[in-house]
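Novice: Let the hints inform the model, and build the full structure from the sequences given.
In order, the protein sequences belong to chains A and B. Residues in the first sequence are numbered consecutively from 1, following the working numbering. Residues in the second sequence are numbered consecutively from 1, following the working numbering.
Treat the hints as calculated values from the structure; they're not laboratory data. Some hints could be false.
Stretch by stretch, here's where chain A covers chain B in the computed footprint (C-beta under 8 Å, at least three residues) [what the hints assert, rightly or not]:
(1) 14-24
(2) 57-67
(3) 86-96
As the structure is a prediction and not an experimental result, all values here were calculated from the model. Glycine included, each C-beta is placed from N, C-alpha and C at the ideal position.
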Amino acid sequence: MSGGYFDLSENSRMAIAEIDFNVDDTTQSIIAFLKRVTPLLVTADQQRVIDLSRSKYLGPDAAALVYALWLEGRLDSRPCEVRLPSEPESLAAFCEFSGLNHRLLGGVPPNPEHPESETVPVNDFKKPLANQAYPIIKLIQRHTELAKDVEEYLYICFNEVAQNIDDHSGSPIGGVSCARFMRQRNEIRVAIVDRGRGITETLRRRYNIVDARDALSRVIQGGHTSKSLETNQGLGISNMALVVKNSGGTLMIVSDDAYVESRAGQPPVVQRLGFVFKGTAVFFRLPLATVP
Amino acid sequence: MPPTIPITINAVELFDPAKPVAESAIALSDRILKDLSGGVPISVSFSGVRGAASSYYNIVLHRIKTTFGVEILRTIPARIEWRFDSDAQRTIFDRSLKAILKAAVSP
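Specialist: Listed below in structure tokens is the structure:
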């Protein structure tokens, strides 16, 4: 994960964040990715480039983040050029099936029904539908049997996050999602990213929040809500964390200057990020129960 | 006097997966409010409902509370019977119910 560069010199017309490492859905790789691209997002006049061409592996978490940043740049009329890798072959295929080629470079749309596709392409949504997670269900069912309870877990987790984005975030891009079925591990990985006001600012409307770690701790615990809507009860993230924990999955949430990580059977751990990520990014993995 | 047979409401019949979940929650609560007004107990089944996260139950419970008062949600024997498709569904519902009852005590 070492090496690479971030060129922000005054003489350079380009600000380049080079991602020359694998972003493989691990906490470390996600933080490293965010740390590399964050300075890029605050540059004023330079052409912004996220260069992924030297990475050898990208997962759905990276795909959702890249697409969210690209989408935000386009909305701000400050486009962000993204350079995608062309090798190894498996990564080139991922860029195809994840829709990154299509969305970012104008390539042909991916075919989600392709027998080799194990990815639900990046997608952005404003007003989430109750069946927003259906393409993920469909993907899993194309590859393996899906137990009814796991299907329920998946819907609950996805919809809790998507509804939070709609209710609270004010994200100009709405939410961006991507998912991948991991055959060998028999699990589904889901990423949902927004570029809104973040959990800290949202909760500060009603509570005296010390910092981003305090805010994340409260939403994981549950019962803390900004009451963006009268019906909000502050249960969304805590419900998701409970479901992920009970199903043996893992969860990572990044918001502002903090992240929380929850692994199967372990209590969630909240830590400082060391820099500010605008918005909220949620990554979760659910094991797919074996159907007898 | 024979026991009153509850009216059964199948939430799935009022749940449109292709719409935002709030719309289905409002449709269900409209139906619950209408039937509760008739004075007979009701039984609400969530069998077949997929994609109902906390916001769905929050809206349903909030609207019942607003119209009939919070006591109707804790009356025993209950005027509303809730039936679930899975433990996960029941857990999410119970957490919403608990939060609404708690908020009624200390808003």
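Novice: Between the segment 57-67 of chain B and chain A, are there enough contacts, at least three residues with CB-CB distance under 8 Å, for the coverage claim to hold?
Specialist: holds (count 3)
Novice: In terms of beta carbon proximity below 8 Å, does the segment 86-96 of chain B have 3 or more residues touching chain A?
Specialist: holds (count 8)
Novice: According to a criterion of three or more residues whose C-beta lies within less than 8 Å of a C-beta of chain A, is the segment 14-24 of chain B covered?
Specialist: holds (count 8)
Of the numbered hints given earlier, the model fails none.
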